[in-house]
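Protein chains: 2
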Amino acid sequence: MTLDLADPIRAGERRALARAITLVESRRADHRKDAEALLADLATDRREAIRIGLSGTPGVGKSSFIEAFGMMLVEAGLKVAVLAVDPSSARSGGSILGDKTRMERLSREPQAFIRPSPSQTQLGGVARRSREAVFLCEAAGYDVVLIETVGVGQSETVVAEMSDLFVLLLAPAGGDELQGVKRGIMEQADLILVNKADGDLKAQATRTCADYSGALRLLRKRPEDPEGFPKAMTVSAMTGANLDDAWFTMQALADWRRSEGHWDTRRAGQARHWFRAEVEAALLAQLDTPGARQQMAELSEAVADGSVLPAAAARDMATFLRKQDAPL
Amino acid sequence: MTLDLADPIRAGERRALARAITLVESRRADHRKDAEALLADLATDRREAIRIGLSGTPGVGKSSFIEAFGMMLVEAGLKVAVLAVDPSSARSGGSILGDKTRMERLSREPQAFIRPSPSQTQLGGVARRSREAVFLCEAAGYDVVLIETVGVGQSETVVAEMSDLFVLLLAPAGGDELQGVKRGIMEQADLILVNKADGDLKAQATRTCADYSGALRLLRKRPEDPEGFPKAMTVSAMTGANLDDAWFTMQALADWRRSEGHWDTRRAGQARHWFRAEVEAALLAQLDTPGARQQMAELSEAVADGSVLPAAAARDMATFLRKQDAPL
Chain L
2 MTLDLADPIR
12 AGERRALARA
22 ITLVESRRAD
32 HRKDAEALLA
42 DLATDRREAI
52 RIGLSGTPGV
62 GKSSFIEAFG
72 MMLVEAGLKV
82 AVLAVDPSSA
92 RSGGSILGDK
102 TRMERLSREP
112 QAFIRPSPSQ
122 TQLGGVARRS
132 REAVFLCEAA
142 GYDVVLIETV
152 GVGQSETVVA
162 EMSDLFVLLL
172 APAGGDELQG
182 VKRGIMEQAD
192 LILVNKADGD
202 LKAQATRTCA
212 DYSGALRLLR
222 KRPEDPEGFP
232 KAMTVSAMTG
242 ANLDDAWFTM
252 QALADWRRSE
262 GHWDTRRAGQ
272 ARHWFRAEVE
282 AALLAQLDTP
292 GARQQMAELS
302 EAVADGSVLP
312 AAAARDMATF
322 LRKQDAPL
Chain C
2 MTLDLADPIR
12 AGERRALARA
22 ITLVESRRAD
32 HRKDAEALLA
42 DLATDRREAI
52 RIGLSGTPGV
62 GKSSFIEAFG
72 MMLVEAGLKV
82 AVLAVDPSSA
92 RSGGSILGDK
102 TRMERLSREP
112 QAFIRPSPSQ
122 TQLGGVARRS
132 REAVFLCEAA
142 GYDVVLIETV
152 GVGQSETVVA
162 EMSDLFVLLL
172 APAGGDELQG
182 VKRGIMEQAD
192 LILVNKADGD
202 LKAQATRTCA
212 DYSGALRLLR
222 KRPEDPEGFP
232 KAMTVSAMTG
242 ANLDDAWFTM
252 QALADWRRSE
262 GHWDTRRAGQ
272 ARHWFRAEVE
282 AALLAQLDTP
292 GARQQMAELS
302 EAVADGSVLP
312 AAAARDMATF
322 LRKQDAPL
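Quick mapping for you: the protein sequence lines, in order, are chains L and C. Going letter by letter, the first sequence gives residues 2 to 329 in this note's numbering. Going letter by letter, the second sequence gives residues 2 to 329 in this note's numbering.
Be careful, since some hints might not be right.
Note: identical chains are not told apart, hence a pair may lie in one copy or across any two.
In the DMTMM-like style, the derived pairs of lysine to aspartate or glutamate whose C-alpha atoms are separated by at most 25 Å in a straight line are [what the hints assert, rightly or not]:
| id | residue 1 | residue 2 |
| --- | --- | --- |
| 1 | K232 | D317 |
| 2 | K232 | D245 |
| 3 | K324 | E281 |
| 4 | K34 | E299 |
| 5 | K324 | E228 |
| 6 | K80 | D46 |
| 7 | K203 | E139 |
| 8 | K222 | D246 |
| 9 | K324 | D289 |
| 10 | K80 | D212 |
| 11 | K34 | D317 |
| 12 | K34 | D5 |
| 13 | K34 | E14 |
| 14 | K324 | D5 |
| 15 | K34 | E302 |
| 16 | K324 | E37 |
Keep in mind the hints are simulated off the structure, nothing from the lab. Computed from a prediction, not measured in an experiment: that's the story for all the values here.
Bound conformation, chain L alone (with noise of 0.2 Å):
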């Protein structure tokens, strides 16, 4: 049944797409099941586009810039497509996205769609599906897709490991706060983008852009990055300003790594990495059937009053789940 929406999305319906998307996110196994049928189904097209990570913390003018970014891709007739990923989406009451009106221009593109995140609390269980509605953008022919985050928690690294390309949108800021950027992040990065480069904020963007590009030098240079990479950018969402700009500056990157192989073996190892961290989120899955959490929350108990002692505990809890033959 769900077979047959394959070739609609080959097509680039945006309603099977959507409807696609909210399949691979059910947690019901007969969705699931049908969810794989389908991805399988559309791998054999390899069809690719540019996986653009984006991060930016509230403030930094997220939204307007993915508007204006989005709609410059569109008017370049290039279609573009936007997911969020953010793990606290469930516990906020509605994703950062939700909001459409936010990006009102290019919610209304043909060209262009927009995924709010998926209401789950886990990362785990986000990373998964943001990682299939990649997929399944890329099946229905985007070539552009921006996987967007506000970068709490572990949600950067997630998007980042599920991109082509990592981009940080910042706000102009004094010379202290440079420091509040995570030293992780700014290692994933493999471009800087400080928004707002336009009236009474221009030069306080370009001292901040100085910063970060004096900062970014200190990093260790990885061999997947050309000369200059990674960079440090002012941008405007506002005026438009620099977006051009931007959009080549990602482009040469992409070109250099296609030509030099890195693309193709960055993306081999997100998959490699994405199919461990399945076979662990399967194996620890044994662990929440409602019979595992009775017999580890009792073990739990005689571990904790000291009668038994953890290694022995983990032992019994193994016997059990053996005896269970609990399908992974």
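Given chain L, work out where chain C should sit, using these hints.
Coordinates of chain C only, in the frame set by chain L:
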């Protein structure tokens, strides 16, 4: 056979204790079985030491501190065990405590026991063995177990999770360096000791201590802490200054936690934590057999070249493991 170790350990024989720790460190299945039988036998005694986690980077004078602090405790009639938890020891070619000459006096004391870190690269393995070594030291009647780490990567968290009190040893520093101490470790510390408060460095140590006191006040107070904790103090391992105060402070905190019920709650929580960690490690160990490794490698390549998607490959792997019926 190894149950013969139980009574000598109860009698406090150091050679039996050393052999038992070697046994819990062994990876051989028959050794593991013997180790668990021994631990279960000794668990009935419920002897309890005060477990003090101690972290400090090289250069802060950790060995000198342990030597001086340990000697003070021994001279007060207490039995002192020192265990090192250092996941990197295998790489650096020997434990930080391998060189016992740095604790020359303490290592000659009959009331003291010093044990280097097991030479394993995996922190998970080191953690289990260290916890069981702590337990064996308690069974052997030690009053104080010092668990020391150099604080690379996650080792501080591992040590904090097996300690009743967590002490951070630091050297006098300029005000700017305060930011170099990771926030996470500051939040775990019950007591910060600024060492080298002697000679030319005394004034600087006092200033550093004041800086840390200020920083600690900004951190959230935990319900298991009495008024004034976490606390920062100056000490000198060289002159012995304030070592008695430090010990008095540790005892006061321990007494407060015992009387308020936090002591048992904390130990129970740690036991539960380690139980879950052991169960998860056992589940993931299914991937560590030769057959599973080969299957993972084959599926990983199929995923990397794009012919199979991660979720589908993970499902294949789960089927493989179920057929294996591998011992957990």
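Notebook entry, point to check: Which numbered hints turn out to be false for this structure?
Noted result: Violated hints: 1, 5, 7, 10, 14; rest satisfied.
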